[in-house]
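Produce the entire structure from the sequences given, and follow the hints as far as they go.
2 protein chains.
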Amino acid sequence: PASTELAPLCTPAMVVDVDIVKRNAQRMVDRYQDLGVKLRPHMKTHKTLECGDIMTGGSRRCVVVSTLAEASFYADHGFDDILYAYPLPFDKLERCAALSERLSLFQVLLDHPQALELLSKRPLRAIAKTEGVELTGVYAHCGNSYHCKGVEKIQAVAQETTTLTLQFMEKLRAAGINCKSSIGSTPSCSHPIKDMGQLSEVHPGNYVFYDVQQSLIGSCSMEDVAVRVLTRVIGHCPHRNQLLVDCGWAALSQDGAGRLPSGYAVIEGHPDLKLLSMTQEHGRVEPITGELDYSKYPLGSLLKLVPYHSCATAMMHSVYHVHSGGRLVGKWFPTRGW
Amino acid sequence: PASTELAPLCTPAMVVDVDIVKRNAQRMVDRYQDLGVKLRPHMKTHKTLECGDIMTGGSRRCVVVSTLAEASFYADHGFDDILYAYPLPFDKLERCAALSERLSLFQVLLDHPQALELLSKRPLRAIAKTEGVELTGVYAHCGNSYHCKGVEKIQAVAQETTTLTLQFMEKLRAAGINCKSSIGSTPSCSHPIKDMGQLSEVHPGNYVFYDVQQSLIGSCSMEDVAVRVLTRVIGHCPHRNQLLVDCGWAALSQDGAGRLPSGYAVIEGHPDLKLLSMTQEHGRVEPITGELDYSKYPLGSLLKLVPYHSCATAMMHSVYHVHSGGRLVGKWFPTRGW
Numbered sequence: 004p005a006s007t008e009l010a011p012l013c014t015p016a017m018v019v020d021v022d023i024v025k026r027n028a029q030r031m032v033d034r035y036q037d038l039g040v041k042l043r044p045h046m047k048t049h050k051t052l053e054c055g056d057i058m059t060g061g062s063r064r065c066v067v068v069s070t071l072a073e074a075s076f077y078a079d080h081g082f083d084d085i086l087y088a089y090p091l092p093f094d095k096l097e098r099c100a101a102l103s104e105r106l107s108l109f110q111v112l113l114d115h116p117q118a119l120e121l122l123s124k125r126p127l128r129a130i131a132k133t134e135g136v137e138l139t140g141v142y143a144h145c146g147n148s149y150h151c152k153g154v155e156k157i158q159a160v161a162q163e164t165t166t167l168t169l170q171f172m173e174k175l176r177a178a179g180i181n182c183k184s185s186i187g188s189t190p191s192c193s194h195p196i197k198d199m200g201q202l203s204e205v206h207p208g209n210y211v212f213y214d215v216q217q218s219l220i221g222s223c224s225m226e227d228v229a230v231r232v233l234t235r236v237i238g239h240c241p242h243r244n245q246l247l248v249d250c251g252w253a254a255l256s257q258d259g260a261g262r263l264p265s266g267y268a269v270i271e272g273h274p275d276l277k278l279l280s281m282t283q284e285h286g287r288v289e290p291i292t293g294e295l296d297y298s299k300y301p302l303g304s305l306l307k308l309v310p311y312h313s314c315a316t317a318m319m320h321s322v323y324h325v326h327s328g329g330r331l332v333g334k335w336f337p338t339r340g341w
Numbered sequence: 004p005a006s007t008e009l010a011p012l013c014t015p016a017m018v019v020d021v022d023i024v025k026r027n028a029q030r031m032v033d034r035y036q037d038l039g040v041k042l043r044p045h046m047k048t049h050k051t052l053e054c055g056d057i058m059t060g061g062s063r064r065c066v067v068v069s070t071l072a073e074a075s076f077y078a079d080h081g082f083d084d085i086l087y088a089y090p091l092p093f094d095k096l097e098r099c100a101a102l103s104e105r106l107s108l109f110q111v112l113l114d115h116p117q118a119l120e121l122l123s124k125r126p127l128r129a130i131a132k133t134e135g136v137e138l139t140g141v142y143a144h145c146g147n148s149y150h151c152k153g154v155e156k157i158q159a160v161a162q163e164t165t166t167l168t169l170q171f172m173e174k175l176r177a178a179g180i181n182c183k184s185s186i187g188s189t190p191s192c193s194h195p196i197k198d199m200g201q202l203s204e205v206h207p208g209n210y211v212f213y214d215v216q217q218s219l220i221g222s223c224s225m226e227d228v229a230v231r232v233l234t235r236v237i238g239h240c241p242h243r244n245q246l247l248v249d250c251g252w253a254a255l256s257q258d259g260a261g262r263l264p265s266g267y268a269v270i271e272g273h274p275d276l277k278l279l280s281m282t283q284e285h286g287r288v289e290p291i292t293g294e295l296d297y298s299k300y301p302l303g304s305l306l307k308l309v310p311y312h313s314c315a316t317a318m319m320h321s322v323y324h325v326h327s328g329g330r331l332v333g334k335w336f337p338t339r340g341w
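So the protein lines, in turn, are chains V and E.
Its first residue numbered 4, the first sequence is counted upward by one per residue in the working numbering.
Its first residue numbered 4, the second sequence is counted upward by one per residue in the working numbering.
Simulated from the structure, these hints should not be mistaken for lab results.
Take these hints with a grain of salt, some might be off.
All copies of an identical chain are treated as equivalent in the list; a pair is satisfied when it fits inside any one copy or across any two copies.
Here are the computed lysine to any residue pairs in the SDA-like style, where the Cα-Cα straight-line distance is at most 20 Å [claimed, not checked]:
{"no.": "1", "residue 1": "Lys299", "residue 2": "Gln117"}
{"no.": "2", "residue 1": "Lys183", "residue 2": "Thr282"}
{"no.": "3", "residue 1": "Lys124", "residue 2": "Pro11"}
{"no.": "4", "residue 1": "Lys307", "residue 2": "Arg330"}
{"no.": "5", "residue 1": "Lys47", "residue 2": "Ser321"}
{"no.": "6", "residue 1": "Lys47", "residue 2": "Gly81"}
{"no.": "7", "residue 1": "Lys156", "residue 2": "Leu219"}
{"no.": "8", "residue 1": "Lys299", "residue 2": "Asp94"}
{"no.": "9", "residue 1": "Lys124", "residue 2": "Pro301"}
{"no.": "10", "residue 1": "Lys41", "residue 2": "Leu138"}
{"no.": "11", "residue 1": "Lys299", "residue 2": "His115"}
{"no.": "12", "residue 1": "Lys25", "residue 2": "Asp227"}
{"no.": "13", "residue 1": "Lys183", "residue 2": "Thr166"}
{"no.": "14", "residue 1": "Lys47", "residue 2": "Gln283"}
{"no.": "15", "residue 1": "Lys307", "residue 2": "Gly340"}
{"no.": "16", "residue 1": "Lys47", "residue 2": "Ser280"}
{"no.": "17", "residue 1": "Lys124", "residue 2": "Leu302"}
{"no.": "18", "residue 1": "Lys47", "residue 2": "Thr282"}
So this is what it looks like as structure tokens:
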């Protein structure tokens with residue numbers, strides 16, 4: 004069967020199910036088309052062109068990035084209307100100015116009067132309207148949605164963030180300032196509330212991959228998680244009732260420590276196993292209870308780890324192996340750095 | 004002064020003090036020359052050619068690697084006598100065989116009869132003497148030295164590991180098998196005991212950079228730590244008594260969580276500050292006690308983070324900025340992947 008195409012991959016390897024990626028992306032598109040709100044997908048989780056294409060429906064317009072390296076990478080490949088969602092950096096102003104010259108629309112964030120002062124001394128063309136700076140909108144990230152468990156609590160955070168943002172927009176309007184509003188986090192954007200229809204746009208990102216953390220929050224189900232780290236059994240350690248696998252923190256990241264009964268990841272199809280610890284290149288797997296049946300895990304056999312936090316796991320890989328139903332369809336190469 | 008050459012670097016940035024690197028490397032060379040034991044430095048911490056040159060005194064011979072990608076990278080650049088210190092991988096046997104053909108000496112680890120069986124079916128030239136496989140030596144890593152605090156405890160672990168290894172070598176000799184012995188970890192190799200003089204070689208790696216963890220174990224002093232992550236203050240958050248800095252886990256890693264009073268790193272020159280939490284691209288800094296004096300940390304000002312675990316931090320960077328006394332002298336580019 005096609006799924007055997009993954010088996011010859013050298014491990015550890017990050018694999019991405021492109022069908023799930025497309026489904027996650029389409030659901031988010033549909034959700035905000037229905038609400039009449041612009042979707043500005045965040046690129047920080049995957050940092051690839053291909054996933055950027057899928058999230059923007061091929062338009063390569065209207066994205067958010069977390070680093071200037073991402074902004075340059077996407078600009079170099081024909082993306083435009085890029086929002087650099089980071090406090091205006093003091094050390095990268097010239098690079099911001101250069102991007103602003105190249106792009107039709109490049110937006111930066113200001114969160115302090117000193118940053119405004121800096122910007123007024125070196126105005127970026129695209130926002131240079133009133134005294135060198137044009138306020139495009141208000142940007143908020145409801146990061147507290149990551150502390151939620153369940154849709155009801157997610158929607159309470161979404162409601163609070165939306166209400167506060169809309170009240171602030173109202174105050175701006177009363178002062179004669181009309182601008183856009185953008186909020187977002189994958190949990191809140193996966194379960195929008197009605198009032199979010201009054202916002203200009205939303206900017207979730209992780210939803211394209213999702214992960215165990217998002218399933219525990221209630222943003223998605225485990226079936227929606229598009230990424231795995233493939234790992235092989237490389238040792239039997241009966242004196243410790245453990246398996247050794249070839250995935251350490253160099254391939255999975257250390258995110259999720261102490262968060263799951265199954266350790267640093269969920270081991271697909273093996274709810275009885277736990278990834279209890281890792282070194283740089285090794286993982287130690289043990290049964291959650293009882294004795295390990297080594298005959299079920301011969302040396303060289305594959306296990307699939309569902310990451311706790313896909314942003315952190317993806318960061319550890321310079322190539323993602325992309326498959327459709329187990330058939331390898333390509334490789335995606337993320338950008339890195341700042 | 005020369006130290007201002009670091010200030011214009013875009014942050015976050017990993018910087019390496021090449022003078023400390025050279026001093027750490029030379030001390031380890033001297034230590035094992037005195038003991039009459041071969042030093043086989045591990046490349047896994049830095050994964051660069053330049054640091055490999057410094058650790059081997061320019062010979063490019065006799066190194067250890069943790070991934071086959073490292074083995075290929077070093078082989079491509081004229082390194083030889085490479086030990087791939089990893090259980091013989093079932094998925095990379097052909098790549099191992101190819102390396103074995105190219106190099107004068109390429110050594111692999113076997114830790115299971117099944118791996119021996121695998122190897123006898125596809126013998127690698129360099130170890131193909133007796134029935135396809137030649138036992139070169141015995142390799143041990145005293146990872147338990149990482150649980151030590153202080154030289155006395157490190158040396159107790161070094162003694163235990165050495166004694167067990169030498170007893171095992173004695174049993175092999177009694178069975179007519181003469182081969183080498185290699186042990187190592189940065190803590191034990193930083194404080195060798197007399198009996199280590201009876202070993203064939205040692206294989207530490209982290210010592211070239213060291214880190215906060217090693218200083219707490221007692222392997223080194225804080226003055227021996229060669230790496231920093233430069234970060235800038237990007238926000239003042241008086242409502243939380245915090246600074247925002249532009250170093251998140253994407254630049255520092257999540258290693259060291261909960262290990263230090265100062266949080267995820269030591270902030271050089273600011274023993275009163277704590278890096279209490281990080282997101283992908285942001286760090287939150289607060290005083291260990293009392294109120295933050297924001298006038299000491301203007302927006303844009305630089306802080307230097309001493310990593311808890313330099314192997315994990317280095318892994319997050321695709322370039323290291325190298326300096327001598329604050330004067331930039333080059334960039335090192337590590338290899339990645341498997």
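**Request:** Hints the structure violates: just list their numbers, smallest first.
**Result:** Hint check: 2 fails alone, others pass.
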